[in-house]
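Visitor: Keeping their order, the protein sequence lines are chains A and B. Counting in my numbering, the first sequence runs from 31 upward without gaps. Counting in my numbering, the second sequence runs from 31 upward without gaps.
Do not take every clue at face value.
Identical copies go unnamed one by one, so any copy, or any two together, can satisfy a pair.
Claimed, not checked - Below are the SDA-like pairs computed for lysine to any residue, each with C-alpha atoms no more than 20 Å apart in a straight line:
| # | residue 1 | residue 2 |
| --- | --- | --- |
| 1 | K228 | E177 |
| 2 | K34 | R121 |
| 3 | K228 | P238 |
| 4 | K162 | G139 |
| 5 | K111 | R121 |
| 6 | K108 | E119 |
| 7 | K108 | R121 |
| 8 | K67 | A167 |
The hints are simulated quantities; they were obtained by calculation from the structure and are not laboratory data. These figures come from a predicted structure and were not determined experimentally.
Each chain, written out:
2 protein chains.
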Amino acid sequence: MSIKLHCFGESGHSYKAALALELSGLDWEPVFVDFFKGETRSEDYRANVNEMGEAPVLVDGDIRLSQSAVIQGYISEKSGKFGGKDAAEARDILRWQLWDNHKLSSQAGMTRFLINFLPQDKQPAEVIGFTKARLQAAYQVLNAHLEGRDWIVGNGVTNADLTCCGYLFYPEPFGFDRADWPAIDRWLSNIQALDGWKSPYDLMPGSPADRA
Amino acid sequence: MSIKLHCFGESGHSYKAALALELSGLDWEPVFVDFFKGETRSEDYRANVNEMGEAPVLVDGDIRLSQSAVIQGYISEKSGKFGGKDAAEARDILRWQLWDNHKLSSQAGMTRFLINFLPQDKQPAEVIGFTKARLQAAYQVLNAHLEGRDWIVGNGVTNADLTCCGYLFYPEPFGFDRADWPAIDRWLSNIQALDGWKSPYDLMPGSPADRA
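Here chain A stands alone, though its shape is the one from the complex (with noise of 0.2 Å):
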């Protein structure tokens, strides 16, 4: 039996673990979440599949994990990949997931879904402003540590990338341009050229044109 992941494809959340899946070679399908229809905030959802109310969450079997974070490192138990090649690796990508927890994807996610996702007269400018002025700070960590470096924790992928990369691949506007990080750039691309990379929309089911 397959592994599931409960997911949508406007979620960076999500797209970590599905590209997790995806590139570990474990066999996976998708589970489409109507977040767009309120499902995440349903009494069913939370009592049944997450009391979080969020997505991503990853069933095999009795497992049910949820948190990005927890489910690639679950996917790095099953499969061998990503999780680094000692504990000073493995701390260190969790230092960057926790990172990207807090400082890029969480507020990447908001401003890009406050800025697309709601309607021109709800869009709280203030709210706006600040959280793209909070992930300037974000790119300008992440560019730095990635000057000179092929990947954020030791010499080849690991879930610190398939991590921070969460919102990065996404083409609607929330104030990042990979033309202003090269560093971000050309770390973007390196994932990219990784045999059976795709985009969120390609990878998961649900996108802005099914609403269109």
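The hints should help you fit chain B onto chain A, whose structure is shown.
Guide: For chain B alone, kept in the frame of chain A given last:
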């Protein structure tokens, strides 16, 4: 040689690490980070302490770690405490640490900063309203989870508890009132009853009183 923790009293992220160290019984000492004089933004701090420009940072001999959840994991390895009883609990602990990092402590810390540590005429009212509303959703998730439970994961205190409480013991207002959330209130009392528990300003150097 004792473990050193770069931290400061106002930082709930530092508190998570300091509290785990204190309750673990490991020998440790704080190194004061002068955040309010810009130390974490300095070139020296980024080059020699933490490229992410954040506290806390733990130094134990040659090992240097940042991100409170990574530090807590290391403390569990060394002390045998707070890490959960098996792989399933360990994953569940990490899940709550990540959730906290994204939805609770990150938002609480920022909201508290904006309301209490910025001059009144520089406080972004729309941002504060926005993050306060998001925090209500987070308190709701945590309170619902704690109904009928003494601890977040399993039957005893773990890093999940020592993480999610990070900002909830501070006296400054940020839209959180224990009286509104009975299950959270009871759980915080459980933490306060632990042998060796200290409040943030008693555990770490630096407090608003120093700058008054």
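Visitor: Mind listing which of the numbered hints don't hold for this structure, in increasing order?
Guide: 1
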